[in-house]
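Chain B: place on chain A using the hints.
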Amino acid sequence: MFLFAASLQRWSLIHPTEGGWIGWGNYATLATDLRFRSALWRTAQFTAVGVAVQVLLGMAVALILAGRFPGAWLARGLFLLPMIMTPIVVGLTWRMLYDPIFGQINWLLGLAGLPQPSWLSDAALVMPALIIVDVWQWTPFLALIFVAGLQSVPPSQYEAAALDGAGPVARFVFITLPALRPLILIAVLFRTMDSLRWFDTIFVMTNGGPGTASETANLYAYITSFNNANLGYGAAQAVVILVLVIAVSLVLVRLSGIERDP
Amino acid sequence: MSPRLALLRRILGAGLRFAAGWTIVAAFLFPIWWLITTSLKTRVDAFKIPPDLIFRPTFESYAAILSDHDFMGFYLNSLIVASATTLIALLLGTPAAYALARYRFRGRRDLAFWLLSTRMAPPIAIILPFYLMFMHAGMLDTRMALIIPNVVANTGLVVWLLRSFFREVPRSIEEAALIDGCGPWRAFFLVALPAASNGLVAAGIICFVFAWNEYLFSLLITGQATRTATVAITNFVTFQGINWGRLAAASVLVMLPVFVLAMIAQRWIVRGFTMGAVK
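As given, the protein sequences belong to chains A and B, one line each in that order. Throughout the first sequence, residue numbering follows our numbering, covering 1 to 262 in sequence. Throughout the second sequence, residue numbering follows our numbering, covering 1 to 279 in sequence.
Errors might be hidden in some of the hints.
Below, a sample of chain B positions facing chain A; criterion: calculated Cβ distance under 7 Å [to be verified]:
id : residue
1  : Arg17
2  : Gly21
3  : Phe28
4  : Ser251
5  : Leu253
6  : Val260
7  : Ala262
8  : Ile269
9  : Val270
No lab work stands behind these hints, which were simulated from the structure alone. Here a beta-carbon is modelled for each residue, glycine too, at the ideal position from N, C-alpha and C.
In isolation and in its complexed conformation, chain A is listed as follows (with noise of 0.2 Å):
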């Protein structure tokens, strides 16, 4: 990663067009970059709902699929396809789903009597829209992580609770969410990077738009690079969202104690 880091840096300093060595010059423009800062804002609230609603909705499915029920073990092995899934083809998928005419979303709502908006095309949606695709891809991931967990706290402590007195809330409250802990730390963890790295799905679904309504970091950093062809720029935003990613990282990886060897 550091050799990486420093053939950004000295990439980041040449300036493609001129030939030139310009110094910290496009940092400078970066710091200044309203776009940019836009886009990681955009990023960091991605990551931040997507990552709190696909915790919450996991324990919740989670809690489900880790009793005992017929066909159980099928419906969890049949979960994980969405995680698995290629993110191009989920985010194909679910632009045909969003079609506003064709998709069958907007024909569900409409069912219902409810309005059917363009989700794609709006830019007020389109950020919840691209949060439920994340949602949906990636809640199996941690439902599967919790379920794990769950079945592993031993019922003893369930039943001694209950013998004191303690009702299913308090349960869940007291044995199962401090059980879970450093499960739910490795979790955020590992989506919360993942998140922050997202591309593919977003690109095929929106590029970016309408306009630079969905535009994330990491698309910006792409554009940049690819399309208006300024490699030194877009270096010089790689290797910040390089490091505020790895800033993160590094605050969840201590907090989750993965690092710790037995």
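Just chain B now, kept in the frame of chain A:
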């Protein structure tokens, strides 16, 4: 409470969970189901609103895709790149994982974190230097140019995953081998490796899945000759309108290997995606 009442409560509980559980799974699988059915519809049917629940399935989209030599060529490229990536990552990663699991050495924690950090890097940060390097070396649009970044991106995953598997191999059998006169290398090859064979399969499958699903690297590095299937699918989205039947069929074909592998490696999927952190 009476045993009969308790039994009733159990059945009701299971029944509710059955309904809730399967409803949730069905809801989540809906897009996938929709994708598959669209791939089996004729072009006209695919557009119908409200959509037919019962329709005559047709394989014409699949036939068109499978006979499309270009696309099948891209599909093959995906296969080659993903397989090569997996092989190389395993070759590089397995000894590293073993070392991290068994031996104490200076900088061990840093090395492990360094490998984890490859998961933190946004793909654009990884691919940009490679793109520039390959451009200058004239290596763009070669398979090697695509395999190398993929290996870089996935070796960390392989190492962490295998490390967790190696940790589960009881030290006693290795110690027994060492006492019997095996050197450390032989202990590795003849004892530890077979014991962790599950882990090798799991790591291989997960690595393959990630390499197969890769898009951005492919988009930037490849051209007509070495393009992979993930990029090829997006070519179905043209300005004349989206050929949904074909697109769906191609998508299903692209997803198929991954689905099959995921079903095989079910037990280790969660472990794989968290790089060995969660069992």
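Outcome of the hint check:
| no. | hint | in the structure |
| --- | --- | --- |
| 1 | Arg17 | holds, 4 Å |
| 2 | Gly21 | holds, 5 Å |
| 3 | Phe28 | holds, 6 Å |
| 4 | Ser251 | holds, 5 Å |
| 5 | Leu253 | violated, 10 Å |
| 6 | Val260 | violated, 10 Å |
| 7 | Ala262 | holds, 4 Å |
| 8 | Ile269 | holds, 5 Å |
| 9 | Val270 | holds, 5 Å |
In this structure, the earlier hints numbered 5 and 6 are contradicted, and the remaining ones agree with it.
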